[in-house]
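Chemist: If you want the building blocks of each chain, they are given just below.
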Amino acid sequence: MNVIVCVKQVPETTGVKINKDTNTLIREGTKGIINPFDMYAVEEGLRIKEKLGGEVIALSMGPPQADEALREVVSYGVDGAVLLSDRAFAGADTLATSRTLAKGVEKVGEFGLIICGKQAIDGDTAQVGPGIAERLDIPYVAFVRKIREISNHTLVVERMMDDGYDVLEVTLPALITVVKEINEPRMPSLRGKMKAKSVDIPVWGISELGISEEEVGLKGSATQVIKIFTPQRHGNREMLEGSVERQVDQLVSRLDGMKII
Amino acid sequence: MDYFLTEDQKMIKELSRQIADEKIMPARAELDEKEEFPWEIIKVLASSDLMGLCYPEEYGGLGGGTFENCLAVEEISRACIGVSVCFAGTGLGAYPILLFGSEDQKKRYLPDIASGRKLAAFGLTEANAGSDASGIQTSAVLDGDEYVINGTKQWITGGGEAEIYTVIVMTDKSRGSRGASALIVEKGTPGFTFGIKEKKMGIRASATTELVFSNCRVPRDNLIGKAGIGFIVSMRVLDRTRPGIGAQAIGLSQGALDTAVSYARERKQFGKPIISFQAVQHMLADMAIQTEAARALVYSACRFIDSGAKNISKVSAMSKVFSSDVAMKVTVDAVQVLGGYGYMRDYPVEKMMRDAKILQIYEGTNQIQRNVIGQELIKEYAGKKDNR
Ligand SMILES: Cc1cc2nc3c(=O)[nH]c(=O)nc-3n(C[C@H](O)[C@H](O)[C@H](O)COP(=O)(O)OP(=O)(O)OC[C@H]3O[C@@H](n4cnc5c(N)ncnc54)[C@H](O)[C@@H]3O)c2cc1C
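Chains as they are written, first to last, in the numbering used here: chain A, 1 to 261; chain B, 1001 to 1388.
Hints in this document: simulated from the structure, not taken from any laboratory.
Glycine is no exception: its CB is placed at the ideal position from the N, C-alpha and C atoms.
Relax, there's no trap hidden among the hints.
A few chain A positions that, by computed beta-carbon distances, are all more than 10 angstroms from chain B:
1) Glu28
2) Thr30
3) Tyr140
4) Gln247
5) Asp249
6) Gln250
Chain B side only, calculated, beta carbon under 10 angstroms to chain A, not exhaustive:
7) Met1011
8) Glu1022
9) Lys1023
10) Ser1047
11) Ser1048
12) Asp1049
13) Leu1053
14) Leu1062
Excised from the complex, chain B in its bound form (with noise of 0.2 angstroms):
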């Protein structure tokens, strides 16, 4: 298929996959059996300048948007999510930053993060409060020119890694989710500490912790945008990041379906190779059909969100429920093509399954995107007069 990217959009892509194709799938296996978080292979995307896509130019960016950010994604996760979601979570945490944060927040943490030599991270989930992010407890409290926050988050991606988090925090418990704040907290800072670090089914590159802050003091100056601000900041920041989910997704199945049919060539049953049975054959024909699918449609809200529309909520919640629903089904039906080895860690599609499982839960289920999507249906429908 012929998208019709631009020049440096191909060039954004080539040298994704070249990365992906040198430097993570060799080391994917073995990241994931050791659960550790991929630093070779975020340096190495920070050298050449993939960090930086989605940031203007005055802040060391690339100058990119949403669509270049994705088309990095994409490839990166044809070869390991676990990474991807590593590269894709310091951008989750720098765009209130950058949507939402004054010049001097920009002009302080931007360069580092672009240029990939800090990693951010976004902390809005507690325990108590998933896909009810109203419910979160953790408190700032303004003591002079000081916020003193208290309370834990949880499941934190780049937790202890990152250097630079952005946290949702309730700055007045009164005014119920007006009174949420987006509040940029650095490593490093008294009182700010790194809880248990999870054991996760898959995604195993990525660190995933809780954060934990005890009277921990941050300057006023850290708040982002105004207070009270905290849940619209988040639902902007996930409108324009949850495509990346999608492009992790697309990425993912491209990478099961390559492995299914080069697998399908080699494999020999019944004096044949395997490709050559029909059940065989459509099942993979299914899995490229959904998988080409699912990217037009990540591509699309893309560059539609990066076209400056408002309502974007609607077509990236679509982006992410689609993509990530034939994630999970392109590789479970990857595990299916290649039978019992599909089964064994030799081969990478038992990771896949495990990995694709996340992409339908992280950022708003795909249930709470089901219901953002009807509830936009309503506001659509109520506007027009004859729907017939």
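Isolated chain A (complex conformation) (with noise of 0.2 angstroms):
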């Protein structure tokens, strides 16, 4: 069964500088990394391939630096990368992105199963990975923790919820992201990272894909953005002191006195 991943390259967040006038991300000279969750994702469509065979195929859509990030994650041992790449996908909101992802998955193929990672650390959105599997009319699972059983055409996974977990089963071809409790990343392979190197990515833009200027890039998003701000702090915040009885006696009193308990 052949399982695709989408990875997104994201600025590394601890050098991430903003800029003062416009409050938007200074993404020059920022070191590019692979988004921490896809790499769960990456990892969990290693192991359906190590149990199903098949192939591990990446999917990017980014500037060409994001050749970096397909590259890597080639390292794991990922079997071969696309990356969607066009001035035109430029300045992509999530609708935009997964209409134009969702282009890049039916061209590359048949696939049982669509892996993404829950969000992406600097859009934050989620809405991605639901997103293709909208516009790609397949089911979809969100913030998957486990993969309990997995065939050819079924899939049962566990869904993470704040109060515990589903237990979902769905028909294949289908997408799931997954949260960072599914499994531990492997460690790249040297092998994997000398193919790495030296592994044809090609790079699809609006007219491989067969799309319009108009549904993709800032055209083709719905969302305007029309300010942005850092949020000023609100509410005030009191620490109690004492011993933990006391500690809780206050706070006790404190919840009661404002109707909450």
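Make one complex out of these two single chains by using the hints.
Modeler: Printed below as a string of structure tokens:
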């Protein structure tokens, strides 16, 4: 069974600076890393391949330098990678991004499962994975913390919830987004790194994908950013002190006073 | 420093470093404390292809040489030489087969070793035969198509954990040092058991045990090369693996230097970071000078060996002696830079200092290495006409 994993190159958060005037990230000069959640997607893809055979193909939409991120996932054992890159893709919101990625998936060909990280650490929307599934009209499960069973036709997963987890059975092909509890990503291998250096990573733009400029990038986006700002801190905080009993008493009487309990 | 490594060599270093940082550093204190064999880490090294660096591709390896292997050893050692000796020890066990084994033996054993599915170990030392290996008593007597082994090997790295053992035994005591041979013994062979596991000062993640043979029978086919060349096998193998000890030493020194410099930048006394004191700076400078000099020597020795050179004993011994002496000094000084904190187990340098000592002892003590170098000098200079 072939698995497609979607990966995004994101700025390394420790080095990020904000442009004071526009309130946007200064991306120039910051090192790109693979969105950490996507590494769990890659690992899960590789495990499925080890179990069921087939290939793992990585797909990324991004600027030309996202090629680095794709080469890196090849070093972990991914069989092939495709970069969706075109000037027209710039400024895409989650709608345009998922539309573009869905087109990419269709062009890659037959697959049993698409795996995405639960969200990207730069945008933090968690919308692209489900968005791709909607475009492709396949079932999806977000926040998967465990694959219980997988065959070529069905999948049984545990979906992480705030108060426990759900067990869901899905027919394939399907899409899942994964949380970090799902696995521990492996280290790259030397043979993988050697392959990563020489592997051919095709770049597909609007013409290869057969998609119009109106559907992608800023033009194809439903979101318009009017203003980006750093929120003011609101609310007061208060530290309760003293012995544990005293702190608990104080807390209970406060909560009681606020009619919370 | 740029040592003009090839792309592949840089990749080996980078990958080994990543594993050292992400997998070994966080685990090293506990492995040391619990004296636990680092199987989890060995598995990672195996699946990353690093266990196969120095074996030909036809046996499942990556076709590298001494240098490639040493680059990995160096980076792993930056985090922990208790782990790196487990990694390098399997190479020591495999080298007799690689250098002297039959095609059949290579096909049978090397792919499992190169993939890391099985570890190998090398057994020469005995209770009464350390520096003077010619004193070994373990015997192997031919009985039909089998050798019957009796005796006890001591302090064997990887004992109990490895599957494949190359042991040096006396097959003909009457012939003295020409009566030793190298045999392959697999774990699980009846009559082959493991004696005490030593409690050590350092490299405590590694296992050091006795190999006990009592009427242990192995097929005659397990003989490496031919009967009588056991010591030649040992010497040739150790000549090639000794730079590996050098690589452990430079990695360890680098790890100690890294810790010392970053600590000295943070620690404030008399209102200033201690790195601003010249006495501390000079100590760090000396640590850096010696580490770099040792690295240059180890790398040169590796390249010399990989060039196919014949007379490698001297250079190989030099790389081991110099860098292990450096590692001892650098780790002692690293503790000094950290002061009382350095003496505590909360910081890694006390372990590094304990670990360093073994490098001056195993694979031939530094005194014995100096003997080798001295002998080589005598030979070299005897051949020259005018030495002035
Ligand atoms: C942790 C550990 C792991 C080991 N792993 C292995 C292994 O995997 N396989 C294996 O076969 N062996 C192994 N050894 C054994 C190791 O190689 C020996 O300890 C080493 O060769 C020295 O032998 P010895 O300890 O008996 O010291 P000795 O030979 O007793 O030496 C004692 C002292 O006398 C000095 N000395 C001896 N002879 C001379 C001389 N002629 N000139 C000057 N000085 C001399 C030595 O330098 C040393 O300082 C290991 C040892 C240790 C401690």
